[in-house]
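Given the sequences, and given the hints that come with them, work out the whole structure.
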Amino acid sequence: MKKSLIGAIVGGVLIFIWQTLSWTALDLHRPAQDYTVKQDTILQLLGTQLEKEGGYLLPTVPKGSSFEEANKLGEQSQNKPWATIQYHKSLNSSMNEMYMNMVRGLVATVFMVWLLCWMLSKWGKASFVNIFLACIFTGLIVFINEPYSQFIWYKIFDVRAHLIDALASWGLCGIWLGWWMRR
22 MKKSLIGAIV GGVLIFIWQT LSWTALDLHR PAQDYTVKQD TILQLLGTQL EKEGGYLLPT
82 VPKGSSFEEA NKLGEQSQNK PWATIQYHKS LNSSMNEMYM NMVRGLVATV FMVWLLCWML
142 SKWGKASFVN IFLACIFTGL IVFINEPYSQ FIWYKIFDVR AHLIDALASW GLCGIWLGWW
202 MRR
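Numbering-wise (the working numbering), the sequence shown opens with residue 22 and increments by one.
Cβ pair distances, simulated, as ranges:
| hint | residue 1 | residue 2 | range |
| --- | --- | --- | --- |
| 1 | I38 | W139 | 19 to 25 Å |
| 2 | Q70 | Y120 | 31 to 37 Å |
| 3 | Y56 | F132 | 32 to 38 Å |
| 4 | Y120 | S142 | 31 to 37 Å |
Straight-line Cα separation of at most 27 Å, DSSO-like style, residue types lysine-lysine; simulated pairs:
| hint | residue 1 | residue 2 |
| --- | --- | --- |
| 5 | K110 | K176 |
| 6 | K73 | K84 |
| 7 | K73 | K176 |
| 8 | K176 | K93 |
| 9 | K59 | K110 |
| 10 | K73 | K101 |
| 11 | K84 | K176 |
| 12 | K24 | K146 |
| 13 | K84 | K110 |
| 14 | K176 | K101 |
| 15 | K59 | K101 |
| 16 | K110 | K73 |
Keep in mind that the hints were calculated from the coordinates and are not lab data. C-beta: ideal position from N, C-alpha, C; glycine also.
Here it is, written out as structure tokens:
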């Protein structure tokens, strides 16, 4: 248990550090959060047009619409602009909120690595290569499950950054766990 816990804490910190670098200093996710000089105008317009916070796909049909209505809109929308919007009425970027998000992110990452450590501990005498590959495969599973599945349908602009994150962060974790879990 102690080995899995220490492995999870260090592995989680390594992944958390990579994620921090990826979203900040390396700026890998810029394509999904790019700047427009018209941001104030767009936000003002959204504030007057959207009644509530939420995620919006434009164009789409109202809830409860028939399959035929959805098909018709799909045909009419071919080769025209479309968008996904995540709309929030107010931004809370206070330091307290930032710290809480960081703590929650770190705890979630440590827990995620602990789950993997628990499985690895059931393998008995696994080799460095097997542990490393298990971590790489975990990163690929994480990538395919969310960012790549989202890319298939919604063409997110930072899918490559998510793949780099999965391979780099879980690779670092794999190097650590490959050494640590065999001690």
